[in-house]
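Chemist: So the sequence lines, in the order shown, correspond to chains A and F.
Per numbering that gives the first Met the number 0, residue 0 is the first one in the first sequence, and the count goes up by one each step.
Per numbering that gives the first Met the number 0, residue 0 is the first one in the second sequence, and the count goes up by one each step.
Quick caveat, the hints were computed from the structure, so don't treat them as lab data.
With beta-carbon atoms standing in for the labels, derived distance ranges: (1) A:Val-29 <-> F:Pro-151: 29 to 35 Å; (2) F:Phe-133 <-> A:Val-46: 24 to 30 Å; (3) F:Pro-103 <-> A:Val-46: 40 to 46 Å; (4) A:Asp-80 <-> F:Leu-20: 39 to 45 Å; (5) A:Asp-218 <-> F:Gly-120: 45 to 51 Å; (6) F:Trp-136 <-> A:Glu-108: 54 to 60 Å; (7) A:Glu-253 <-> F:Val-104: 56 to 62 Å; (8) A:Leu-20 <-> F:Val-65: 18 to 24 Å.
Fair warning: this is a prediction, and the values are worked out from it, not measured in the lab.
Glycine residues also receive a C-beta, built at the ideal position from the N, C-alpha and C atoms.
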Amino acid sequence: MTMSLAGHQAPPIFKRGPTPLARLLVFVAVCLVMLVVDLRFRYLEIVRQALSVVTHPLQLVAAAPADFIRNATVYFATLVDVQLENAELRRAQVQAAQRLLRFEQLERENHELRRLLAMAQTTAVHSVAAEILYDAPDPFARKVILDKGVRHGVTAGLAVVDARGMIGQVTRVYPVQSEVTLLTDKEQAVHVKVARNGVRGILVGSAGNRMEMRFVGTDADIRVGDRLVTSGLDGIFLAGLPVAQVISVDSEGEAFHKVFAETVAQVERTVQVLVLGPEAPRAPRPDPATELKEGEGRAPSTGRGG
Amino acid sequence: MQPTHRSNRILLPAQTWFVYLTLVIALTLSYIPTGRLPGVPDWVAVVLAFWCVREPMRVGMGTAFVFGILVDIGHGAAMGQFALAYVVLAYLATSVSRRVLWFPVLQQALHVLPMLLLTQGIMVVVRLVGGGEFPGWWYFLSSFSGALLWLPLSVLLLLPQYRPVDRDENRPI
Chain A
0 MTMSLAGHQA
10 PPIFKRGPTP
20 LARLLVFVAV
30 CLVMLVVDLR
40 FRYLEIVRQA
50 LSVVTHPLQL
60 VAAAPADFIR
70 NATVYFATLV
80 DVQLENAELR
90 RAQVQAAQRL
100 LRFEQLEREN
110 HELRRLLAMA
120 QTTAVHSVAA
130 EILYDAPDPF
140 ARKVILDKGV
150 RHGVTAGLAV
160 VDARGMIGQV
170 TRVYPVQSEV
180 TLLTDKEQAV
190 HVKVARNGVR
200 GILVGSAGNR
210 MEMRFVGTDA
220 DIRVGDRLVT
230 SGLDGIFLAG
240 LPVAQVISVD
250 SEGEAFHKVF
260 AETVAQVERT
270 VQVLVLGPEA
280 PRAPRPDPAT
290 ELKEGEGRAP
300 STGRGG
Chain F
0 MQPTHRSNRI
10 LLPAQTWFVY
20 LTLVIALTLS
30 YIPTGRLPGV
40 PDWVAVVLAF
50 WCVREPMRVG
60 MGTAFVFGIL
70 VDIGHGAAMG
80 QFALAYVVLA
90 YLATSVSRRV
100 LWFPVLQQAL
110 HVLPMLLLTQ
120 GIMVVVRLVG
130 GGEFPGWWYF
140 LSSFSGALLW
150 LPLSVLLLLP
160 QYRPVDRDEN
170 RPI
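Just chain A, with the same shape it has in the complex:
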């Protein structure tokens, strides 16, 4: 009724369906349902993947200027800068090489010892080198976009690390790109343990570039400066990836310590990253009922050791 051209009241014979307000309410209801289904239950990933076929060509076109600017900075880098960086990399490589020599020997030794003790073998590591292209456009979350996707073997759930430690987790994959939620995001959680003594807790992104380690009882031994590494108990991340360092511990009359930590990796600044995950898909969780029947008296195996 109000939807007519300037000054002309539409006569009833030209009525066009429901009133604008009714249509608004229908659309709003549809959007709210979609939001709840997506944010709460994550059911719409398939729809998203299907429709991204439509948006992908446009995204490629739109990425061209950004690519050009990124490449231009590479073209205009001075020779001196490159030489300095090269010298730095050579030094780092020599240091890494000698550690790597020992690492190979230790890995063989570990393999042998595990076989002798009849323990589950550590799974092989699957890794993809990738580059951070840009921050994700969504300003409500801390996410970045990587230049590798499904075609390069990236799957959702893998850990993303830089040279120093973990920076985040792959949360969504596209054909040739993937989206990584950084550790400092409010919704991102990692199960960690203290490297020194194995005290466990859950590390969640918090205000600023800090993270909060939750559910550490006041009786637990945790100090400022402790290194936190992934525990591997979540069955998603490899065990032992460096994640953060404790910067403050406060236990004023609460049941749990208030522990804050800082990432060891340069989460917001790093460019070259590695996507890491176990090679084989992990074994399904054992059913508690059958577990009890079959393995009475035996401690349930965790499936993967550290």
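Chain A is already provided as a structure; the job is to place chain F on it using the hints.
Modeler: Okay, now just chain F, sitting in the frame of chain A:
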């Protein structure tokens, strides 16, 4: 239709394909990865509001919903976040279209500004309820740049309609 309702000049009718072409171009512009740069206008919202004001019979909440979903997917935002905001924007823009066109362009932009701010406000509320993080007050800068964009857009997007009715053999367009 006239450039504004006070004008005496009658324009050619808008071509439907041109309307949708500009929306697709705006969609592509919105996909340009600008990271956290504040003040980048929401191209789709401005172009959508423009066509809702100019052509309320053709562009409305349905178009807003479809393009909202496409922006949601491209930005990796929550599904329905942009769609919800754009549907409300389209509703407001179509309902004020008869009033807005009586004003000169600068005052039209002032009408559009609160609508764009509301669009962003809806998205902030939706995401904060959904457990997101407040992006800071600079986030709202893009509404202001969007409203500024109204001035060039109201010339650019109407250019095809400014062509004379009769075709001249010696004129390229």
